[in-house]
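J.: Sequence:
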Amino acid sequence: MLKNLDSIIKYIREDKEKGGDLYQYLRHKLKHRKRLVSGKKEVIRNRKPIRLRPEIVLTNEEFGHFEVDLIVGAKHKGAILTIVERKTKFLIMRKLSGKNAKSLAKAMIYALLPYKDYVKTITSDNGLEFFEYEYISKKLICDFYFANPYCSWERGLSENTNKLVRQYIPKGTYFEKISKEKIKEIQ
1 MLKNLDSIIK YIREDKEKGG DLYQYLRHKL KHRKRLVSGK KEVIRNRKPI RLRPEIVLTN
61 EEFGHFEVDL IVGAKHKGAI LTIVERKTKF LIMRKLSGKN AKSLAKAMIY ALLPYKDYVK
121 TITSDNGLEF FEYEYISKKL ICDFYFANPY CSWERGLSEN TNKLVRQYIP KGTYFEKISK
181 EKIKEIQ
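Residue 1 is where the sequence shown starts when you use our numbering, and the numbers rise one by one after that.
Treat the hints loosely; a few may be bogus.
As the list claims (entries may be wrong) - Derived DEER-like restraints, expressed as beta-carbon distance ranges:
{"hint": "1", "residue 1": "Pro54", "residue 2": "Lys89", "range": "18 to 24 Å"}
{"hint": "2", "residue 1": "Leu91", "residue 2": "Glu17", "range": "33 to 39 Å"}
{"hint": "3", "residue 1": "Thr173", "residue 2": "Gly127", "range": "15 to 21 Å"}
{"hint": "4", "residue 1": "Phe63", "residue 2": "Glu14", "range": "43 to 49 Å"}
{"hint": "5", "residue 1": "Leu22", "residue 2": "Glu55", "range": "41 to 47 Å"}
{"hint": "6", "residue 1": "Lys75", "residue 2": "Pro49", "range": "18 to 24 Å"}
{"hint": "7", "residue 1": "Tyr23", "residue 2": "Glu62", "range": "24 to 30 Å"}
{"hint": "8", "residue 1": "Lys138", "residue 2": "Lys87", "range": "20 to 26 Å"}
{"hint": "9", "residue 1": "Glu14", "residue 2": "Pro149", "range": "47 to 53 Å"}
{"hint": "10", "residue 1": "Lys31", "residue 2": "Ser7", "range": "17 to 23 Å"}
{"hint": "11", "residue 1": "Arg51", "residue 2": "Ile8", "range": "33 to 39 Å"}
{"hint": "12", "residue 1": "Ile141", "residue 2": "Glu55", "range": "17 to 23 Å"}
{"hint": "13", "residue 1": "Leu22", "residue 2": "Ile56", "range": "40 to 46 Å"}
{"hint": "14", "residue 1": "Ser179", "residue 2": "Ile9", "range": "22 to 28 Å"}
Note that these hints are calculated values from the structure, not bench results. Keep in mind the model is a prediction, meaning the values are calculated, not measured. Quick reminder that beta carbons are idealized off the backbone N, C-alpha and C, glycines included.
When you get a sec, could you build the whole thing from the sequences and use the hints?
T.: This is the structure we're talking about:
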(Lines of atoms letter the chains of each structure in order from A and count residues from 1; the text may use other names and numbers.)
(Lines give C-alpha, C1' and ligand atoms only; values in the text may rest on other atoms or scores of the structure.)
Protein backbone atom coordinates (compact mmCIF):
# COMPACT_ATOMS: atom_id res chain seq x y z
CA MET A 1 0.00 0.00 0.00
CA LEU A 2 2.78 2.44 0.91
CA LYS A 3 4.48 1.81 -2.42
CA ASN A 4 1.22 2.61 -4.22
CA LEU A 5 0.80 5.77 -2.14
CA ASP A 6 4.32 6.88 -3.04
CA SER A 7 3.53 6.30 -6.72
CA ILE A 8 0.34 8.34 -6.44
CA ILE A 9 2.14 11.23 -4.72
CA LYS A 10 4.91 11.08 -7.34
CA TYR A 11 2.30 11.21 -10.12
CA ILE A 12 0.57 14.20 -8.47
CA ARG A 13 3.93 16.01 -8.08
CA GLU A 14 4.75 15.44 -11.75
CA ASP A 15 1.27 16.66 -12.69
CA LYS A 16 1.83 19.84 -10.64
CA GLU A 17 5.19 20.47 -12.34
CA LYS A 18 3.44 20.20 -15.72
CA GLY A 19 0.87 22.78 -14.63
CA GLY A 20 -1.83 20.35 -13.52
CA ASP A 21 -4.17 20.94 -10.59
CA LEU A 22 -4.48 17.48 -9.00
CA TYR A 23 -2.43 18.65 -5.99
CA GLN A 24 -5.20 21.08 -5.05
CA TYR A 25 -7.41 18.15 -4.04
CA LEU A 26 -4.93 17.06 -1.35
CA ARG A 27 -5.41 18.35 2.18
CA HIS A 28 -1.83 19.60 2.42
CA LYS A 29 -1.56 20.66 -1.26
CA LEU A 30 2.02 19.27 -1.36
CA LYS A 31 3.29 22.03 0.92
CA HIS A 32 6.41 21.41 2.97
CA ARG A 33 7.13 23.04 6.32
CA LYS A 34 10.47 24.67 7.02
CA ARG A 35 11.98 24.47 10.48
CA LEU A 36 12.99 27.91 11.73
CA VAL A 37 16.08 28.10 13.90
CA SER A 38 16.69 30.97 16.29
CA GLY A 39 19.61 31.67 18.58
CA LYS A 40 17.72 32.55 21.76
CA LYS A 41 15.59 29.86 23.40
CA GLU A 42 13.49 30.49 26.49
CA VAL A 43 12.03 27.59 28.43
CA ILE A 44 9.05 27.09 30.68
CA ARG A 45 10.25 26.22 34.17
CA ASN A 46 8.95 23.42 36.45
CA ARG A 47 6.98 21.79 33.66
CA LYS A 48 5.86 18.17 33.85
CA PRO A 49 7.15 16.08 30.94
CA ILE A 50 4.72 13.92 28.99
CA ARG A 51 6.44 10.73 30.22
CA LEU A 52 4.90 11.40 33.67
CA ARG A 53 1.39 11.50 32.23
CA PRO A 54 -0.81 8.57 33.40
CA GLU A 55 -0.95 5.56 31.06
CA ILE A 56 -4.77 5.75 30.88
CA VAL A 57 -4.46 8.91 28.76
CA LEU A 58 -3.08 6.83 25.87
CA THR A 59 -5.93 4.31 26.02
CA ASN A 60 -8.63 6.92 25.26
CA GLU A 61 -10.97 5.04 27.61
CA GLU A 62 -11.61 7.95 29.95
CA PHE A 63 -13.13 11.37 29.28
CA GLY A 64 -11.22 14.41 30.50
CA HIS A 65 -7.81 14.29 28.85
CA PHE A 66 -7.25 17.30 26.57
CA GLU A 67 -4.61 18.33 24.04
CA VAL A 68 -4.16 22.03 23.29
CA ASP A 69 -2.42 23.95 20.54
CA LEU A 70 -2.44 27.24 18.66
CA ILE A 71 -3.09 28.03 15.03
CA VAL A 72 -1.34 31.30 14.22
CA GLY A 73 -2.66 33.83 11.72
CA ALA A 74 -0.89 35.59 8.86
CA LYS A 75 2.18 37.58 9.91
CA HIS A 76 1.72 36.17 13.44
CA LYS A 77 -1.25 38.47 14.04
CA GLY A 78 -4.00 36.72 15.91
CA ALA A 79 -4.31 33.07 16.85
CA ILE A 80 -6.91 30.38 17.40
CA LEU A 81 -6.66 28.17 20.46
CA THR A 82 -7.71 24.59 19.77
CA ILE A 83 -8.64 22.28 22.65
CA VAL A 84 -9.42 18.65 21.79
CA GLU A 85 -10.67 15.97 24.18
CA ARG A 86 -8.92 12.67 23.42
CA LYS A 87 -11.75 10.15 23.93
CA THR A 88 -14.61 11.94 22.16
CA LYS A 89 -12.52 14.14 19.80
CA PHE A 90 -14.68 17.04 21.05
CA LEU A 91 -13.18 20.31 19.76
CA ILE A 92 -13.32 23.75 21.35
CA MET A 93 -11.90 26.72 19.45
CA ARG A 94 -11.31 30.24 20.75
CA LYS A 95 -10.07 33.25 18.80
CA LEU A 96 -7.22 35.16 20.45
CA SER A 97 -5.79 38.59 19.62
CA GLY A 98 -2.23 37.22 19.84
CA LYS A 99 0.05 34.60 21.37
CA ASN A 100 0.11 36.32 24.77
CA ALA A 101 0.33 33.78 27.64
CA LYS A 102 -2.12 35.63 29.90
CA SER A 103 -4.85 36.00 27.27
CA LEU A 104 -4.40 32.36 26.26
CA ALA A 105 -4.71 31.25 29.89
CA LYS A 106 -7.93 33.25 30.34
CA ALA A 107 -9.40 31.89 27.10
CA MET A 108 -8.52 28.30 27.99
CA ILE A 109 -9.96 28.56 31.50
CA TYR A 110 -13.13 30.20 30.19
CA ALA A 111 -13.52 27.51 27.50
CA LEU A 112 -12.96 24.58 29.88
CA LEU A 113 -14.80 25.97 32.93
CA PRO A 114 -18.11 24.25 32.01
CA TYR A 115 -16.19 20.94 32.04
CA LYS A 116 -14.09 21.72 35.12
CA ASP A 117 -15.31 18.66 37.03
CA TYR A 118 -14.20 16.40 34.17
CA VAL A 119 -10.84 17.91 33.15
CA LYS A 120 -8.09 15.56 34.33
CA THR A 121 -5.07 16.36 32.15
CA ILE A 122 -4.01 18.92 29.57
CA THR A 123 -1.08 18.31 27.22
CA SER A 124 0.57 21.04 25.15
CA ASP A 125 3.73 21.77 23.21
CA ASN A 126 6.56 23.89 24.64
CA GLY A 127 5.44 27.21 23.20
CA LEU A 128 5.88 30.20 25.50
CA GLU A 129 2.17 30.94 25.04
CA PHE A 130 1.63 28.15 27.62
CA PHE A 131 3.84 29.92 30.17
CA GLU A 132 0.84 30.40 32.50
CA TYR A 133 0.24 26.63 32.72
CA GLU A 134 0.44 26.63 36.55
CA TYR A 135 -2.37 29.20 36.73
CA ILE A 136 -4.48 27.14 34.30
CA SER A 137 -3.78 23.94 36.23
CA LYS A 138 -4.72 25.58 39.54
CA LYS A 139 -7.97 27.09 38.23
CA LEU A 140 -9.13 23.88 36.52
CA ILE A 141 -7.71 21.56 39.22
CA CYS A 142 -5.94 19.34 36.70
CA ASP A 143 -2.46 18.20 35.71
CA PHE A 144 -0.67 19.98 32.86
CA TYR A 145 1.94 18.11 30.79
CA PHE A 146 4.35 19.17 28.06
CA ALA A 147 5.37 17.12 25.03
CA ASN A 148 9.05 16.74 24.24
CA PRO A 149 10.48 19.48 22.00
CA TYR A 150 10.08 18.78 18.25
CA CYS A 151 7.96 15.67 18.97
CA SER A 152 4.60 16.78 17.58
CA TRP A 153 3.48 13.14 17.23
CA GLU A 154 3.17 12.99 21.03
CA ARG A 155 0.14 15.26 20.59
CA GLY A 156 -1.01 13.72 17.35
CA LEU A 157 -4.70 14.40 17.90
CA SER A 158 -4.26 18.17 18.26
CA GLU A 159 -1.84 18.32 15.32
CA ASN A 160 -4.23 16.37 13.09
CA THR A 161 -7.19 18.46 14.26
CA ASN A 162 -5.31 21.66 13.40
CA LYS A 163 -4.57 20.23 9.96
CA LEU A 164 -8.31 19.61 9.46
CA VAL A 165 -9.15 23.14 10.67
CA ARG A 166 -6.63 24.49 8.13
CA GLN A 167 -8.91 23.19 5.37
CA TYR A 168 -11.33 25.95 6.39
CA ILE A 169 -8.74 28.51 7.51
CA PRO A 170 -5.71 28.16 5.19
CA LYS A 171 -2.25 29.43 6.11
CA GLY A 172 -1.86 33.09 5.25
CA THR A 173 -5.38 33.94 6.46
CA TYR A 174 -5.75 37.14 8.46
CA PHE A 175 -7.68 36.14 11.56
CA GLU A 176 -9.14 39.62 12.06
CA LYS A 177 -11.49 38.77 9.17
CA ILE A 178 -12.75 35.58 10.84
CA SER A 179 -15.85 36.01 12.99
CA LYS A 180 -16.66 34.07 16.15
CA GLU A 181 -19.65 32.66 14.27
CA LYS A 182 -17.35 31.26 11.58
CA ILE A 183 -15.19 29.62 14.26
CA LYS A 184 -18.28 28.05 15.87
CA GLU A 185 -19.36 26.80 12.44
CA ILE A 186 -15.96 25.13 11.89
CA GLN A 187 -15.95 23.74 15.42
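J.: Please go over all the hints and tell whether each is borne out by the structure.
T.: Hint-by-hint comparison with the structure:
1. Pro54 x Lys89: 18 to 24 Å: Distance hint for Pro54, Lys89 holds at roughly 20 Å.
2. Leu91 x Glu17: 33 to 39 Å: For Glu17 against Leu91, whose Cβ atoms are near 36 Å apart, the range 33 to 39 Å holds.
3. Thr173 x Gly127: 15 to 21 Å: holds, 20 Å
4. Phe63 x Glu14: 43 to 49 Å: holds, 46 Å
5. Leu22 x Glu55: 41 to 47 Å: Holds, since Leu22 and Glu55 (Cβ atoms, about 43 Å apart) stay within the stated range.
6. Lys75 x Pro49: 18 to 24 Å: violated, 33 Å
7. Tyr23 x Glu62: 24 to 30 Å: violated, 40 Å
8. Lys138 x Lys87: 20 to 26 Å: Roughly 24 Å apart at Cβ, these two residues keep to the hinted range, so it holds.
9. Glu14 x Pro149: 47 to 53 Å: violated, 36 Å
10. Lys31 x Ser7: 17 to 23 Å: holds, 20 Å
11. Arg51 x Ile8: 33 to 39 Å: Hint holds: Cβ distance 37 Å, inside 33 to 39 Å.
12. Ile141 x Glu55: 17 to 23 Å: 21 Å Cβ-Cβ, so the 17 to 23 Å window holds.
13. Leu22 x Ile56: 40 to 46 Å: Holds, since Leu22 and Ile56 (Cβ atoms, about 43 Å apart) stay within the stated range.
14. Ser179 x Ile9: 22 to 28 Å: violated, 36 Å
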